[in-house]
Amino acid sequence: DTAVSQTPKYLVTQMGNDKSIKCEQNLGHDTMYWYKQDSKKFLKIMFSYNNKELIINETVPNRFSPKSPDKAHLNLHINSLELGDSAVYFCASSQDRQVPQQYFGPGTRLTVL
Amino acid sequence: QKEVEQDPGPLSVPEGAIVSLNCTYSNSAFQYFMWYRQYSRKGPELLMYTYSSGNKEDGRFTAQVDKSSKYISLFIRDSQPSDSATYLCAMSSSSNYQLIWGAGTKLIIKP
Chain A
46 DTAVSQTPKY LVTQMGNDKS IKCEQNLGHD TMYWYKQDSK KFLKIMFSYN
96 NKELIINETV PNRFSPKSPD KAHLNLHINS LELGDSAVYF CASSQDRQVP
146 QQYFGPGTRL TVL
Chain B
165 QKEVEQDPGP LSVPEGAIVS LNCTYSNSAF QYFMWYRQYS RKGPELLMYT
215 YSSGNKEDGR FTAQVDKSSK YISLFIRDSQ PSDSATYLCA MSSSSNYQLI
265 WGAGTKLIIK P
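Sequence order for the protein chains is A and B.
Numbers given in the numbering used here equal positions in the first sequence, counted from 1, plus 45.
Numbers given in the numbering used here equal positions in the second sequence, counted from 1, plus 164.
One chain only, chain A, in its complex shape (with noise of 0.2 Å):
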């Protein structure tokens, strides 16, 4: 009955390679995020869908695309990785665009080598 999910929690792979992270909530929730948190903890935010629509976009590497197939899915492709792509990436989501509490998935912690 988890609330938000990811997939992977783990992810290691080479330079250069493809990846993609899924995420699912089934709270019903209109509003997912993609987060990144880095070593020092600070969290920024990457992108946002309202039911399948993206509205947040910041200023993160054309290698980086969500997709939303339906509005309790939100999945991350990340082409070409790079070293500083290194991360844990946390996928979240609220009730709507308009409530600011946000619930989180537990991270896909990703090394690039």
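Hint data in this document are derived by calculation from the structure and do not stem from the laboratory.
Take these hints with a grain of salt, some might be off.
To be verified - Computed from the model, here is a short list of chain A residues facing chain B with C-beta under 8 Å:
| # | residue |
| --- | --- |
| 1 | Thr52 |
| 2 | Tyr55 |
| 3 | Lys85 |
| 4 | Phe109 |
| 5 | Arg142 |
| 6 | Pro145 |
| 7 | Pro151 |
| 8 | Val157 |
No experiment lies behind these values; they were computed from the predicted model shown.
Cβ coordinates follow ideal geometry from the N, Cα and C atoms, glycine included.
We have chain A; now place chain B onto it with these hints.
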């Protein structure tokens, strides 16, 4: 200057002490204030939510907002080793609900 400032710590206190965690902010439009707790290798967990000024209490936790000083606090009474975690503040305005985050304070409760 960052919009939200939070001392990264670590803050180390003995078990049973009262803990005070704080954030300051610069945007007077912020109205929604949250505290998240993040255990090591876990996702942030919403702990407290406050709208506008005032206090909110939930068990051993009290959140305070002082909008005149642009200062928010989280108090933990009778602290336990299980409270050891990183505490992140986050806030937003009604014109832009995107959360603005503090850097997080690492709290260590010593048995």
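Structure-based check of each hint:
| no. | hint | verdict |
| --- | --- | --- |
| 1 | Thr52 | 14 Å, violated |
| 2 | Tyr55 | 10 Å, violated |
| 3 | Lys85 | 7 Å, holds |
| 4 | Phe109 | 18 Å, violated |
| 5 | Arg142 | 6 Å, holds |
| 6 | Pro145 | 4 Å, holds |
| 7 | Pro151 | 5 Å, holds |
| 8 | Val157 | 18 Å, violated |
The structure fails hints 1, 2, 4, 8 (numbered hints given earlier, in ascending order).
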